[in-house]
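Asker: Could you build all of it, start to finish, from the sequences and the hints given here?
Chains as they are written, first to last, in the working numbering: chain A, 1 to 321; chain B, 1 to 137; chain C, 1 to 249.
Be aware that one or more of the hints could be misleading.
[To be verified] Each computed DSSO-like pair below joins lysine-lysine, with the alpha-carbon atoms no more than 27 Å apart:
hint, chain 1, residue 1, chain 2, residue 2
1, A, Lys145, A, Lys155
2, C, Lys224, A, Lys145
3, A, Lys145, C, Lys91
None of these hints come from the bench; they were simulated from the model.
Each chain, written out:
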Amino acid sequence: MNDHALEVQGSNPSLQMPSSGTAIQIENLTVNHGTTPVLKGLSLQVPIGSIFGFLGATGAGKTTTIKTLLGFRSPDGGSARVLGYDVSCQQREICMSVGYISETNSLYDFLTISQLCDLSRDMHRRWNQGSVDRYFQLFALPSNKRVKHLSKGMKSQLALCLALGNDPDLLILDEPTTGLDPISRQMFLTTLVREVAAAGKTIFFSSPLLSEVESIADHVAVLHDGSIVLSDELDHLRERQKMVKLVYMEQPPVEEMTLLRSLPGVRQLEQRERVVRLRIEGDTDALVGTIQARPYALRDVEVVAVRLEELLIEYLRGDGA
Amino acid sequence: MTIWLQVDIRSNVPIYVQLIEQIQHALEVGTLSPGDALPSVRELASELSIAPNTIVKTYNELQRMGLIESRAGKGTIVLGKAKEMVRVRQQEALLEHLSTVVHDGSLLGLSAEALRDHFEQAVQQFFSERQQQGDKS
Amino acid sequence: MKTKEVLEARWKMLTFTLLALCTSAGNIAIYRWSENLREQGGTSSPMLQEMMQDPPMKNFTAFVWDHWFATNGPFILTLFAVILGSGLIAKEVRKGTIFFLLSKPVSRERILLTKYGVSAGLLLTVSVMNSMVVAISGFVVGEPQDLLHLLVATGLLWVAVLFPLALSLFFSTMLPDTFLPVIFSLFITFVFVLPIVLPNGLDWSLGHYWSNQHAYLAGGFPFKEYLVCLLTALVPLLAALVVFRRKAY
Numbered sequence: 001m002n003d004h005a006l007e008v009q010g011s012n013p014s015l016q017m018p019s020s021g022t023a024i025q026i027e028n029l030t031v032n033h034g035t036t037p038v039l040k041g042l043s044l045q046v047p048i049g050s051i052f053g054f055l056g057a058t059g060a061g062k063t064t065t066i067k068t069l070l071g072f073r074s075p076d077g078g079s080a081r082v083l084g085y086d087v088s089c090q091q092r093e094i095c096m097s098v099g100y101i102s103e104t105n106s107l108y109d110f111l112t113i114s115q116l117c118d119l120s121r122d123m124h125r126r127w128n129q130g131s132v133d134r135y136f137q138l139f140a141l142p143s144n145k146r147v148k149h150l151s152k153g154m155k156s157q158l159a160l161c162l163a164l165g166n167d168p169d170l171l172i173l174d175e176p177t178t179g180l181d182p183i184s185r186q187m188f189l190t191t192l193v194r195e196v197a198a199a200g201k202t203i204f205f206s207s208p209l210l211s212e213v214e215s216i217a218d219h220v221a222v223l224h225d226g227s228i229v230l231s232d233e234l235d236h237l238r239e240r241q242k243m244v245k246l247v248y249m250e251q252p253p254v255e256e257m258t259l260l261r262s263l264p265g266v267r268q269l270e271q272r273e274r275v276v277r278l279r280i281e282g283d284t285d286a287l288v289g290t291i292q293a294r295p296y297a298l299r300d301v302e303v304v305a306v307r308l309e310e311l312l313i314e315y316l317r318g319d320g321a
Numbered sequence: 001m002t003i004w005l006q007v008d009i010r011s012n013v014p015i016y017v018q019l020i021e022q023i024q025h026a027l028e029v030g031t032l033s034p035g036d037a038l039p040s041v042r043e044l045a046s047e048l049s050i051a052p053n054t055i056v057k058t059y060n061e062l063q064r065m066g067l068i069e070s071r072a073g074k075g076t077i078v079l080g081k082a083k084e085m086v087r088v089r090q091q092e093a094l095l096e097h098l099s100t101v102v103h104d105g106s107l108l109g110l111s112a113e114a115l116r117d118h119f120e121q122a123v124q125q126f127f128s129e130r131q132q133q134g135d136k137s
Numbered sequence: 001m002k003t004k005e006v007l008e009a010r011w012k013m014l015t016f017t018l019l020a021l022c023t024s025a026g027n028i029a030i031y032r033w034s035e036n037l038r039e040q041g042g043t044s045s046p047m048l049q050e051m052m053q054d055p056p057m058k059n060f061t062a063f064v065w066d067h068w069f070a071t072n073g074p075f076i077l078t079l080f081a082v083i084l085g086s087g088l089i090a091k092e093v094r095k096g097t098i099f100f101l102l103s104k105p106v107s108r109e110r111i112l113l114t115k116y117g118v119s120a121g122l123l124l125t126v127s128v129m130n131s132m133v134v135a136i137s138g139f140v141v142g143e144p145q146d147l148l149h150l151l152v153a154t155g156l157l158w159v160a161v162l163f164p165l166a167l168s169l170f171f172s173t174m175l176p177d178t179f180l181p182v183i184f185s186l187f188i189t190f191v192f193v194l195p196i197v198l199p200n201g202l203d204w205s206l207g208h209y210w211s212n213q214h215a216y217l218a219g220g221f222p223f224k225e226y227l228v229c230l231l232t233a234l235v236p237l238l239a240a241l242v243v244f245r246r247k248a249y
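Answerer: Here you go:
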């Protein structure tokens, strides 16, 4: 641990984890819907204090994963720990320290905001009304308004306020900005960073939108076909994924192309006469060095960036791994 | 000292690298000086709306580079030798650039002689101009 | 959570309170009217004369038992109970608010029992309100009811409908629909009451235990009836707890 990480954690003294620095630890999780397998050996680690984006196509099993973490359903195989607590038998402890917003964010329409707040407070032992009031003011949510009269954006804000009421160490949000207009979405995400992450809390959120994950997350995981095909820090991905454009003096033979494809770190190769485009992963410099040492003379070597979105789409489609 | 930092989340340059470059630039142009305090992780994350972990990474890297230091009670301070270190680093980068120039030049057909001549010419021109300006003032 | 449950049931509560009170008021009106007719002499139709010979009409106490505790009371309250119970879980699932509840550090058992308890409380309230109307009418017609008997009978009526409530709650946990639990609960209750049509079937009919004429008219505590009602209510309640505890949402 370094000084700066401690600085983040220090601002939230309740970050005393019973386990070793992961807010969520999933190992080989298997969940079936009846006879159909949905999650097939899913393994994931969410570091404490991170903003973790969980990507996956609709129906891939993001919600199922989240429901298993919260104890709404039990796993058919494998294990998972949230804040060190086992999801199969310590559900109550988990719910005490976690703030949650469901995919549909269904709240009781007939209650007013303050009545809903009272309900939440009733059901939680630990409740910080002062902080909830502060958030209500921040979002200008009127206490007497019935939930059914709130706009979607306000409902999301309300849900966030309530989710923070018990001073959770971890927020688990299932597609929290679905259906929000761009302004509300931006506000919501900004609030997440400013109010939540900056206080040292961990945020785990699922999203179908890459742009959302890109804008606030520092870690991302992609769910495809029941398991995680990619899980890494976003900056790491940005660093490690590059496109190299090689211009040869003369068109190299096919065997050279085969050899290049087999080099470690080369994920894709495209060739048009003297120009070869390589999608590479890992240590760009070392690989370029290896290529330059080859007998076929290079006219130009250009390292171009790969758009993160393209990369993630590749993984979402299953071309990755 | 307030410094304005910006990040482009769409860029493929890792965010922490963007921040490091901007802080180095700030040191270079003087908007950030040795002894100044950088904003706390929390403040900066809030201001830029990016994950605190990224700020942590940035500061750790800057600390590793010897440019800043975290002091108890005072926050994160820019070190005295920071400016100099930035300059040294930039010099190194430029000289590496020089190798590339030579390499590219040779590929384009310039001989070692030609390259040397051009370099001498440029050096002479620049330094004599500077001398002239120095004489005038 | 109790407040929210009460608020959620406010329309059902209002409807059935009115229904019950209207029924009571209607009954009392009939009694008064028949009294008037009796006083005026037998100048009315044969049908009415026959009605007036009917033993329950002879005095208010018997009338009340026959027209409320033995018939309308159980019927209206059973209907209220199954309608209350049907949505307890199924509506939360349908609307998606079940996830709100489950994400709180409250055990599933406690959630279920709180819902059941509040519904039972609402049933008791309606039962008591009606009994109060009966008590007041007793004074009005000049035949005040024995309050202890009234209390015991009110209690029995309430305990009796805890069974359809528990049935409805059970089906609510099993099914995602809020309408089917009503149907199934009513059907099963009906089946339990059915033996009454068989010869010597009275003792096997559940309905027999839902009120006790002797206790109301003459006194005493209908211990057996209370016990049967409580035990029958317990079975579907426990079943509901088991199902809800293990269900994947």
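Asker: Run every hint past the structure and note whether it holds.
Answerer: Each hint tested on the structure:
Distance hint between Lys145/A and Lys155/A is fulfilled; the C-alpha atoms sit about 11 Å from each other, no more than 27 Å. Distance restraint check for Lys224/C and Lys145/A: the Cα-Cα separation of roughly 51 Å exceeds the 27 Å cut-off, and the hinted pair is therefore not satisfied. In summary, the hint linking Lys145/A to Lys91/C is supported, as the alpha carbons are separated by about 23 Å, within the 27 Å threshold.
In this structure, only the earlier hint numbered 2 is contradicted, and the remaining ones agree with it.
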